[in-house]
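Number of protein chains: 2
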Amino acid sequence: MPKTGALSQLMQALRCLPGVGPKSAQRMTFHLLQRDRRGARNLAESLLAALEKIGHCIQCRTLTEGELCRICANPGRDRTQLCVVETPAEVYAIDQATGFKGVFFVLNGRLSPLDGIGPNELRLDLLEQRLASGEVKEIILATNTTVEGEATAHYISELARQNGIRTTRIAYGVPFGGELEYVDGATLAHSFNGRKDY
Amino acid sequence: MPKTGALSQLMQALRCLPGVGPKSAQRMTFHLLQRDRRGARNLAESLLAALEKIGHCIQCRTLTEGELCRICANPGRDRTQLCVVETPAEVYAIDQATGFKGVFFVLNGRLSPLDGIGPNELRLDLLEQRLASGEVKEIILATNTTVEGEATAHYISELARQNGIRTTRIAYGVPFGGELEYVDGATLAHSFNGRKDY
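Chains as they are written, first to last, in this note's numbering: chain A, 1 to 198; chain B, 1 to 198.
Read the hints as simulated data drawn from the structure, not as lab findings.
Among these hints, one or two may not hold up.
If chains are identical, the list can't say which one is meant, so a pair holds when it fits in one copy or spans any two.
[Claimed, not checked] With a cut-off of at most 35 Å between alpha-carbon atoms, the simulated DSBU-like pairs for lysine-lysine come out as follows: (1) K53 with K23; (2) K196 with K53; (3) K101 with K53; (4) K137 with K23; (5) K23 with K196.
A quick note: this is a predicted structure, and the numbers were derived from the prediction, not measured.
Whole structure, please, built from the sequences with the hints as guidance.
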């Protein structure tokens, strides 16, 4: 049985990856050591480089190398529109898929008092400073539709109201190309209530 | 958009893992950097340790730290029974699941002349030496049922025959607990032809 120290340690270590259970970890371990040692070394080095170099943008809190992320550092972006999201992955998704030319603020979480996550943990102080500066004209709330996501959206909309800033929320409804029959009830209700003139 | 150098490099590097496409790699990257930096560091270090320490057992060619794997180093194993498998993962699976107390030989591949994999690449010279030593009384062929696996099994059975060694092949048939209705035709044919007295 080849389950020596370094082998089983690697199998265990791979399980920190989301969606990787014991079977996948074993398969990955054997694959890397048998067929792709170069890939394994590259992965190890990329991990260490990313850990060392990547931190949070001082303005929007997304993941970035250096102090400012590419969006915040870009003078061509419209600083009057600020989109609030929960994670850096969502910045990436919105920036790729939509034509949004404004800037972002990344919460890196959502309000969840039971888990000890309050406004300080989400660095809402940074957001407040930004709203108080008067630069922002519209806040676009793109938090998720979970209970915590909704609570977070509500909290931020209150901050915006205090500063007299317009707040919008991205539309929730039937996915593009989706069939009504297979859409869950909550989505359908959102879609129905959010109907527009045609 | 947070896709800076180190980030996209890590996303790319994760794709060396089997079953990880661009979407999973992106999810893993954000997960590691946002929520599990300790796990990421541990993974990088485990990869480097495994690459440095783990090589092939000089006797059976499985993956191991040190010269001899745990099975070959164990004086309690029966050296008259030699099970030939394609990969170290199979050694692991057989050793875990069966009561087999013999030893293994790992091909780390299968004969595939079109891909330039011949007897030398599989280190069949090592296997031949071992068969010639007279220690082995039975070779158990546990290569896969692919064309190359069957060809490899045939080749090794010839080596065994030249040395007057008994050769067996593990049974292929309907999986335990499987229902006949859902079993593929080739398996069913194997199962039928390999029927035994009841």
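Hint-by-hint comparison with the structure:
In the homo-oligomer, the alpha carbons of K53 and K23 lie at most 35 Å apart both inside one protomer (32 Å) and across protomers (22 Å), since each shortest distance falls under that limit. For the homomeric pair K196 and K53, neither the shortest alpha-carbon distance inside one copy (46 Å) nor that between copies (64 Å) is at most 35 Å. In this assembly of identical chains, the alpha carbons of K101 and K53 lie at most 35 Å apart only when taken from the same copy (26 Å versus 50 Å across copies). With identical chains, the CA atoms of K137 and K23 are at most 35 Å apart between copies only, with a shortest distance of 34 Å across copies and 51 Å within one.
In this assembly of identical chains, K23 and K196 lie within 35 Å of each other by CA distance solely across copies; the values are 33 Å between and 49 Å within a copy.
Hint compliance for this structure: hint 2 is the single one not met.
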